Structure formats: C-alpha cells, structure tokens
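Protein sequence lines correspond, in order, to chains A and B. Every letter in the first sequence is one number past the one before it in the working numbering, and letter 44, counting from 1, is 33. Every letter in the second sequence is one number past the one before it in the working numbering, and letter 144, counting from 1, is 133.
Don't read these hints as lab results, they were simulated from the structure. Small disclaimer: the values here were computed from a predicted structure and weren't measured. Careful: at least some of the hints might be erroneous.
Identical copies go unnamed one by one, so any copy, or any two together, can satisfy a pair.
[What the hints assert, rightly or not] Distance condition first, Cα-Cα at most 16 Å in a straight line; then the derived EDC-like pairs of lysine to aspartate or glutamate:
#	residue 1	residue 2
1	K59	D85
2	K187	E0
3	K349	E134
4	K288	E0
5	K298	D26
6	K279	E28
7	K187	D223
8	K298	D143
9	K106	E334
10	K357	E286
Residue-level listing of the chains:
There are 2 protein chains.
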Amino acid sequence: MAAPQRRSSREIRVGGIAIGNGHPVSVQSMTNTDTRDAEATLAQINRLAALGCDLIRVAVPDREAAAALKTITRRSPLPVIADIHFDYTLALAAIDNHVAAVRLNPGNLSDREAVGKVAMRARAAGIPIRVGANSGSIRPALVREMMNKGLEHDDAIAEALVLSALRECEMLENFGFHDIKVALKSSSVPVTVAAYRKFAARTDYPLHIGITEAGTPARGIVKSAVGIGALLLDGIGDTMRVSLTADPADEVLAGVRILEACGLRDASPEIVSCPTCGRTEIDLIGLANKVEEAVAEIKAGGRTIHLRKIAVMGCAVNGPGEARDADLGIAGSRAGKVVIFRFGEIVGAFDPAEGFEYLKMEILNHSKFVSE
Amino acid sequence: MAAPQRRSSREIRVGGIAIGNGHPVSVQSMTNTDTRDAEATLAQINRLAALGCDLIRVAVPDREAAAALKTITRRSPLPVIADIHFDYTLALAAIDNHVAAVRLNPGNLSDREAVGKVAMRARAAGIPIRVGANSGSIRPALVREMMNKGLEHDDAIAEALVLSALRECEMLENFGFHDIKVALKSSSVPVTVAAYRKFAARTDYPLHIGITEAGTPARGIVKSAVGIGALLLDGIGDTMRVSLTADPADEVLAGVRILEACGLRDASPEIVSCPTCGRTEIDLIGLANKVEEAVAEIKAGGRTIHLRKIAVMGCAVNGPGEARDADLGIAGSRAGKVVIFRFGEIVGAFDPAEGFEYLKMEILNHSKFVSE
Chain A
-10 MAAPQRRSSR
0 EIRVGGIAIG
10 NGHPVSVQSM
20 TNTDTRDAEA
30 TLAQINRLAA
40 LGCDLIRVAV
50 PDREAAAALK
60 TITRRSPLPV
70 IADIHFDYTL
80 ALAAIDNHVA
90 AVRLNPGNLS
100 DREAVGKVAM
110 RARAAGIPIR
120 VGANSGSIRP
130 ALVREMMNKG
140 LEHDDAIAEA
150 LVLSALRECE
160 MLENFGFHDI
170 KVALKSSSVP
180 VTVAAYRKFA
190 ARTDYPLHIG
200 ITEAGTPARG
210 IVKSAVGIGA
220 LLLDGIGDTM
230 RVSLTADPAD
240 EVLAGVRILE
250 ACGLRDASPE
260 IVSCPTCGRT
270 EIDLIGLANK
280 VEEAVAEIKA
290 GGRTIHLRKI
300 AVMGCAVNGP
310 GEARDADLGI
320 AGSRAGKVVI
330 FRFGEIVGAF
340 DPAEGFEYLK
350 MEILNHSKFV
360 SE
Chain B
-10 MAAPQRRSSR
0 EIRVGGIAIG
10 NGHPVSVQSM
20 TNTDTRDAEA
30 TLAQINRLAA
40 LGCDLIRVAV
50 PDREAAAALK
60 TITRRSPLPV
70 IADIHFDYTL
80 ALAAIDNHVA
90 AVRLNPGNLS
100 DREAVGKVAM
110 RARAAGIPIR
120 VGANSGSIRP
130 ALVREMMNKG
140 LEHDDAIAEA
150 LVLSALRECE
160 MLENFGFHDI
170 KVALKSSSVP
180 VTVAAYRKFA
190 ARTDYPLHIG
200 ITEAGTPARG
210 IVKSAVGIGA
220 LLLDGIGDTM
230 RVSLTADPAD
240 EVLAGVRILE
250 ACGLRDASPE
260 IVSCPTCGRT
270 EIDLIGLANK
280 VEEAVAEIKA
290 GGRTIHLRKI
300 AVMGCAVNGP
310 GEARDADLGI
320 AGSRAGKVVI
330 FRFGEIVGAF
340 DPAEGFEYLK
350 MEILNHSKFV
360 SE
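Let's have the full structure, built from the sequences with the hints guiding it.
Spelled out as structure tokens, the structure:
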C-alpha cells in the first residue's frame, strides 16, 4: 500500500524513460525560456533535472525554435518533448531534430493528412505522441449533447473530455499508430479526476496527469496535489506535470513531493514534524526548518542518507511514539530541553542547539557518498 | 460532481457548527499561543477566523489553562475545542468553562471510571467528544497481530488504527455516549487514506480528517492536500485540520484551499491561470499575482464578487477557450498586447498595464458590499 496498486497500462518509452506498465511515475515540466535561445533553455533544463525532473517539454512555436531543438536535444540531460500547435510541419522538423516525443492536439492540426504525416514520421523515428483533450478546447456542442443525455454539467464536461481524447487516439490509430499517451485536462479538480477515472477504465493507454491552469503556487499546488494525488492513490497516472503560473522549478518540486506523499518516490529520509500548540516549549518551527535544511545540504553534497524517517516533535504527548517509530527523533522535553531518540532508544537530554548538532552528526554518520 | 457525493454520517454540533449529515466540511486549526494567556490566544483566534477558520482547538495542559478557557470561550468568535491529555479533571474543568467540544484519547486517561466521568459531564453540557487513534500511540502488539493475520505492514497499521479508534468509541458507547467524532491519524498519506476508508465503511460517526505531523509547509501542504483531498473527493470527511509545523494561519489557508479545490467551498471567483511557456510574450506570473491580489483586496474590503471564474492566460493557444468559459478573462496576444474577454466576448486589445486596470474595474463592477 505504501506504493498504490497501479492500473495496468501499455508501455511507451520517451528517450530513456519508460512510461506505463508499472514503471515509476515520472515528473515532467515545461521550459519557459525562449526555445530559440538554446543556451538559456539548456540552462533551465539542467536546473530542473537537478531538482528531480525526469522529462522536459519545450514549446515549438516557429521554425527557429524547431531548429534550436537540434542543439537542445543533443545536450539535454533529459528526454525532450516538443509541444506543437497548429503547424504539423513543426512536428516533422522537431522529430528530425531528435525529440524523444511530440505533444500535439490532432484537433487543431489542419487536416487528417497532416495527422498522418506526423504519425508516420514519429513511427519511423520510434517515438510516441501525446494527445489529449483540454476543457478549454472541447466543443461546446459536445458538452450540450452530453447534458441532453441527462448528465449534469460537470459530468458532461468530463464525458466530453473522454470522448474528445478517444477521438484523437482514433485519428492516430487509423494510421496504425498506437505509441500514445493521453492527457485529459480541466482546471476543475473534480472534473479532471472524473475524466481520468472514466478514461482509465476504457483504455490501456498510459496517462499523463495534471490539473491545467492551476494558477499561482499558493492555490495551484493545492489543486494539483488534490487532483494528481487522488488519481495516483487510485493507481491512475503514469507520468505527471504540476502546471503552475510560476518558475518551472516550483512545478518540479511540487511534483516530486506529490510522488513522495503517495509513496511512489523514495523520500528518504522522511521528515515528520508535529504542529506547534500550547504545549510546545521549544522553537519547533525553527528546529524543523533547520533539520530540513541540514538534510537538503547533506544530500546536495552528493551523499545518500540511509535513514528512513526523522521525527521532530514539540512535546512528550505524541513525541515518544513517533520518535520510537523513526530512525532518529528529537522531541521537546521539560524545562526547554530536547530529547534525542535513535532507533527507538533515548540517547539523552540536551539543550536545543546542542541537540540539533548531535542530530546533524547522527544524520551525517548515516550518510554515504553516492559513489561509495 | 462539483461537490462530491458525501458519505452519510450522523450529525453532531460543535457550538453553532453542524458536523456530519451532509453539512459543509468545516476547517479547524489549533492555537499555538500559551492558552493561559487568554488575550494572546483570543487575538490568534480572531486572526484565524478572518481567514476562514470555523472551529478552534486549544491545548489544555494544566489547571491555569483550563481556567483561562472561561475568558476564551466567552469572547471567541469560533467554537472552542479543548485538547486534553492524561488528566481527565482538566476535561471536566474545560467543560465547566463552556468549551464546545472536547478532544481526548480515552486510551491515555487513567482508567475506565475517568472516561465515564468525562462522558457524563459532556452529556450534561450537550457537547461532543472527539476521539481517535494516532499511529504514534497505537500498540505495537496490535500491529504485529494484524501482520500475523497476513496484512502487510502499512495495511496492518491502517487496520490497527481502525481497531484502536473503534475501541475508543466503545469506551464511550459503554456509558451511553454517542455524540462522537473520530480521527485516525498517521503521518503516512496512503496509511491515513486507507484507515479512513475502512473506518468510514464500518460506522456512521462523523470524521475529522487530516495527516498528522505533516511537517513544514513546503512538504506538509502537499501531503495534506493529497490525503485530505483524496478522502473529500470520495465523500469522506466532515471536518478537517491541516496540521503544519508553521503559523496556524497557514493551516487555515491550506484547509480552505483544499475545500475550494474539491468544490466543497465556494472559491468565487475562481482564478485560473496557465503556466508560462516559450510562447508567453507577457509577464504572466506578475499579471496572475496582481489579479489574485486585486481580488483579495476587494474581498478584504467587505465586498462579495459576483463572478464565477476569472482566467489569466499567457497566449492564444488555450487562452480564448478558457477565457470564453470564464466570466472575465485576460490573455496574452500579439506584440505584447493583452486581450480582455467578458462573458465570452472580446472587449478589445490593450497594453498590459491598461488591460489589468480595465480588468480590475470590471471585477469591482461585479462586486457588492456584503451588507447591500
């Protein structure tokens, strides 16, 4: 259960990353640099890769951007996905410049023939295509049709998203192309979750999940965590993007944290800390942040920490229980002291600053250089 | 679907707030002031109430804190819940000082008789008791017993949480007391969600949901949104607390946003905004933040905004579709201009600063003082 039972889906490969068929759920983001500026785009990709991004999408709005892909794909540490709208010749150029996948909306290409040309070029290159429907681009007539069938408004949108996506798959299937992943996006969390559940039950295509236009981080991270998290806990979703009006680094960090919360990416060491309350006699917020920073610093130094869980607790009510369950624990005690726990045993009582230093030393003692 | 189908649960009342039986899911937080300092505690409660908090819990670690409840309950704008551990006489004192509910862990009271005394005093006062199990305080022997029955580790913890909570309910039921809500808390999201699903299927007690010791906001908001959101989307949960190692204001804001994301609290106006990408020619992040601030400012001024959705979009790809679906929209256009949409119609193209002022004026035009 720590890792949810995953829906069985067919496998596709985007560069070196396998998607579907039980493979780890990958985190995507999208560059917001000018794609024509290959150096700026590569610098951003490198930064996102270091934060845990697995796949990167770049907008390809014109021929110059498509040409820049040659440099970007050669030097990117991550598989590059071309984001194409309207002009199918840009998809062909992107494929020729070695992108690992193409995202397009067959519905906004010029005609059936254009879709076929992209499908044939993608098959020749051995790369998948991501299609999908977005509530911003589904036909209002289709939503009305679903409502006339008795579905209420939100359910009608979810069904329309599913039907739109199935039609896009069919456009590719008609050319014998099945190397597909699918997204169904709405800015409404309940609509999105309903649409993915419906689609997941009807096909075995791997799913790219996310809440579209989720907004600024304050609201967007919550919306994305609710929607993506609910799907992942049900085993639905093979790759994901948190879509924020923010630096793409925030998207990657949120994506990684959602996977960790769902038990789908190793969070080691997990740092649990209780809320402060009227019982707290120590600076718990400061202490929890210092422990998080110490862990981040040790990991950024290239070391792996071999601890499952570190507990930072304010007082003795739940503290000892949680600390006992953790590999290392620090809990507020009487007279402003803290108590350190190690694998369930009390090490001793310390002044807070001293206790923190002791804890940091213990964390370091349980870490190794990755190459060791 | 915008509001999930809710599990049917029995109704309890905490002061003026009804919990269960389909009533709105309420947001709780817990003060982190010294409860003995009634003025500081009341100042914090007032601040949290203004942010959307519905119920407030305060720690009652000693007699002086219990005595301060007299002042706190008289002047608090929110129903006050006393958090009691170990000493049942503090629960009795809190009830005498007019708290609206008591949270206690019968398992850590001294004996059966103590539980009975609290139950009888609560019944006389007509207030409910929240009980619950926490993975930090369940008996390791019970987890082992579940594992011996063939459950894997996490599932054994979830089942042990459920059995522990049921036993706590039973301790109160034995005194004819059924005015109960229940929490089942673990710092693991999958364990928490599994435990609530199991418990929800076996009883009709209203549920207080949350992820315990979720940590600092960066991780804790994601963990809480995933766990609480997944349950709410399934209709499980009648009141909730986001538990963060942070200012309780952050808990309330996150709680409100989770409800909004699930369609369980009116977010009007919902502000959707797309991520930036290589196609964006305007300062979209700045614009989205400015629109959010303008809306917050108008609402803080005591006005209600009669708009369902405002869309802030970077470009013309998904922009017009989303903007058409929104009551008001602003989308990046060619040559650094923005286009304003109003109820699906294009109003015109503007320079960004001018467009923002126009949008703000339109928002103001669609707002009214709450008293009007």
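Hint check:
{"no.": "1", "hint": "K59 with D85", "verdict": "within (8 Å within a copy, 75 Å between copies)"}
{"no.": "2", "hint": "K187 with E0", "verdict": "neither (20 Å within a copy, 33 Å between copies)"}
{"no.": "3", "hint": "K349 with E134", "verdict": "neither (62 Å within a copy, 35 Å between copies)"}
{"no.": "4", "hint": "K288 with E0", "verdict": "neither (32 Å within a copy, 49 Å between copies)"}
{"no.": "5", "hint": "K298 with D26", "verdict": "neither (43 Å within a copy, 35 Å between copies)"}
{"no.": "6", "hint": "K279 with E28", "verdict": "neither (35 Å within a copy, 30 Å between copies)"}
{"no.": "7", "hint": "K187 with D223", "verdict": "both (13 Å within a copy, 15 Å between copies)"}
{"no.": "8", "hint": "K298 with D143", "verdict": "between (41 Å within a copy, 15 Å between copies)"}
{"no.": "9", "hint": "K106 with E334", "verdict": "neither (66 Å within a copy, 36 Å between copies)"}
{"no.": "10", "hint": "K357 with E286", "verdict": "within (13 Å within a copy, 50 Å between copies)"}
Going through the hint list in order, the structure does not satisfy hints 2, 3, 4, 5, 6, 9.
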